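S.K.: Below, each chain spelled out in residue letters.
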Amino acid sequence: MSALGGHAAGGEGINPTGAIVGLVIILVSIGATMMLGASLVVPLIGIIIGGALIGFGVHFVPVGGAPAAMGQAPGIATGVAMLAAGAGLAGLFGGAWAFESTGDFFVSIVGGAVGGGLMMAITCLMVDATYVFAMGIPAASGKVDKDPITGDTFPAYKSQGTEGHGLPFISFVGGVIGGLIAGLGGTLIYIELLEVYQTGLATLLQAKPEAIAPLAISLAGIFAIGFFLVNAVLAAYNITGTIEGPHDPKFKRVPRAIIGCAVASAFCGFISLLLVVNIGM
Amino acid sequence: MTVKMEASAGKMPHNTLMAYGLIIAVVGTYLTYLNVVTGIAVFSFFGGIAAVAALWWGSDTIKHLCSYGLGTGVPSAGMIAFGSGALAMIVGTKFGMASPIVTLILAAILGAVIGYTANTIINMNIPVMIMSLVELSIVGAMTMLGFASMCTGSFNFSEMVIGSMSLSVESAGAAAGGAQQFLVTAVPQFGNSLIGGAALTVIFFLGAIALQHPFNACLGPNESQDRTLMLALSCGFLSMIVIAVISFVFIGLLAGTVNLLVSLIAWFYCYKTYIELSKRDAFAWLDSKPILEVGGDQ
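Protein sequences, first through last, are from chains A and B.
Position in the first sequence counted from 1, then plus 248, gives you the working numbering.
Position in the second sequence counted from 1, then plus 526, gives you the working numbering.
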């Protein structure tokens with residue numbers, strides 16, 4: 249239906265009113281969290297940074313959508329939300345596994361980044377193999393004439409009437425970087441939430457920390473997935489459709505997505521931290 | 527953006543549909559409280575009915591939102607609905623009897639903030655954006671709450687996180703007279719509960735698929751509201767069948783069988799009606815012939 253409605257993006261710039269209101273929402277969320285408990289502020293800031301990283305990382309991923317499936321646009325032939333969810337969840341698994349076996353914060357977030365990057369690298373490789381050997385189309389970007397990394401030229405390979413096709417090397421690299429950053433952000437959110445829930449729920453439900461562990465892990469996992477999807481879809485709304493990677497002119501919109509994702513993460517983070525506060529029940 | 531596509535105007539207005547969906551979702555979730563009143567868990571299926579009503583309403587909201595050019599595909603709306611709905615639902619269940627209402631309010635606030643972010647900060651400038659994301663967030667939260675209460679027979683946080691109680695026996699030392707005394711305490715087990723066992727993640731994605739599929743499948747020039755909404759009901763009951771199978775673990779054989787029977791019968795009816803409606807709409811295109819290719823000799 250989107251093809252019928254026309255493009256909806258309101259330009260490239262940042263809306264000053266929106267940015268100021270967003271900043272106020274972030275500050276109010278942090279202030280409200282401080283009222284709940286001073287120890288919850290650091291995790292909330294971790295969640296905000298994680299959300300902003302997800303919004304930033306999604307912009308690197310070469311998303312082609314339906315036109316790419318028909319060989320009429322470069323990129324991976326699916327939507328932003330699906331790709332980002334794939335990379336983010338793979339990163340989340342990697343990070344969660346690393347945290348369980350090592351318990352070290354930095355090893356875990358790097359593990360998450362590697363998980364997300366690996367998933368995107370495998371996806372890009374198989375996409376390239378499918379494009380070249382199954383569909384028989386060469387990689388040609390429509391937005392730049394020359395690959396910024398390899399120096400390959402594109403215009404001679406680009407079919408007429410298309411915006412380019414295939415997956416050029418710069419898009420491949422962008423995809424891996426995007427997976428690394430988004431996986432890192434997702435894992436950061438997961439670990440911050442896990443640490444809060446492990447201590448907070450043990451006090452709230454009056455149980456031993458080891459007994460509460462499966463509950464804390466499940467809750468942190470479900471919330472991390474929720475955060476990831478919200479941030480990835482907001483970034484997707486910012487991209488509005490397809491993007492080729494870091495060399496695409498649409499990449500200039502990224503500050504807007506970082507502000508937006510930080511605002512949404514701040515408020516969602518405040519709601520998710522309400523769980524360990526002794527209200528209701 | 528001023529272009530708005532009324533794909534199938536003239537049928538049930540969106541606000542009427544929203545009112546029905548919201549009321550059935552809240553009342554249905556509350557009806558699972560009959561489990562507590564009567565002491566048997568056979569009323570759990572009302573939670574599923576509530577969730578399906580929310581999905582039914584959500585499909586129409588997605589139609590309104592996605593008739594503006596989002597550029598990201600219809601499924602992204604389903605994903606953001608459940609991403610924010612999951613947060614509101616889990617936190618909302620902490621409030622005992624008020625849980626469904628609190629879930630609804632939390633989801634509305636969350637949706638409003640995310641809608642404002644998307645519309646103003648990210649500059650989407652779509653008139654229905656904020657309202658649609660408020661509605662979708664409520665749909666996500668009420669669907670998850672409905673399915674979760676169908677699974678566990680309750681909409682309380684404690685019932686969703688405590689799977690079973692195990693007895694812990696500790697020696698309390700020898701009492702006077704030489705008899706050994708034991709201290710027996712009931713210890714809650716969290717790992718085999720709905721949330722602790724992460725069965726809620728299955729609910730999350732079953733709901734998200736059921737929400738994003740109907741309009742994605744039915745959109746196009748001859749989209750008709752009753753067909754899309756019938757597919758929404760059909761998808762909702764299809765997810766409900768899986769939830770009913772999961773519910774055997776938590777609420778026992780009798781209530782689980784009732785859940786399964788209700789969802790199977792409802793799904794069969796809706797799917798059959800959907801196929802009939804599809805045939806009706808396909809027949810309506812019978813006279814619209816393809817453009818004839820004029821050959822060289824004509």
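Among the hints, erroneous ones may be present.
Said to hold, decoys possible - Covered stretches of chain B, going by a simulated chain A footprint (3 or more residues, C-beta under 8 Å): (1) 541-547; (2) 589-598; (3) 643-656; (4) 756-764; (5) 792-803.
These aren't lab readings, by the way, just hints derived from the structure by calculation.
All of these numbers come straight from a predicted model, not from anything done at the bench.
Backbone N, C-alpha and C define an ideal beta-carbon position, used for all residues, glycine too.
S.K.: Please go over all the hints and tell whether each is borne out by the structure.
M.R.: Here's how the hints hold up against the structure:
1. With 0 residues carrying a beta carbon less than 8 Å from a beta carbon of chain A, the stretch 541-547 of chain B misses the three-residue requirement, and the given coverage is violated.
2. Check on the stretch 589-598 of chain B: 7 of its residues sit with their Cβ under 8 Å from a Cβ of chain A, so the three-residue criterion for coverage holds.
3. As drawn, the stretch 643-656 of chain B meets chain A at 9 residues by the rule of a beta-carbon pair under 8 Å; at three or more, the given contact holds.
4. With a cut-off of 8 Å between beta carbons, the stretch 756-764 of chain B has 0 residues touching chain A; three or more are needed, and the interface restraint is violated.
5. Against chain A, the stretch 792-803 of chain B contributes 0 residues with a C-beta closer than 8 Å to a partner C-beta. That does not satisfy the three-residue criterion, and the hint is violated.
Hints 1, 4, 5 from the earlier list are contradicted by this structure; the remaining hints agree with it.
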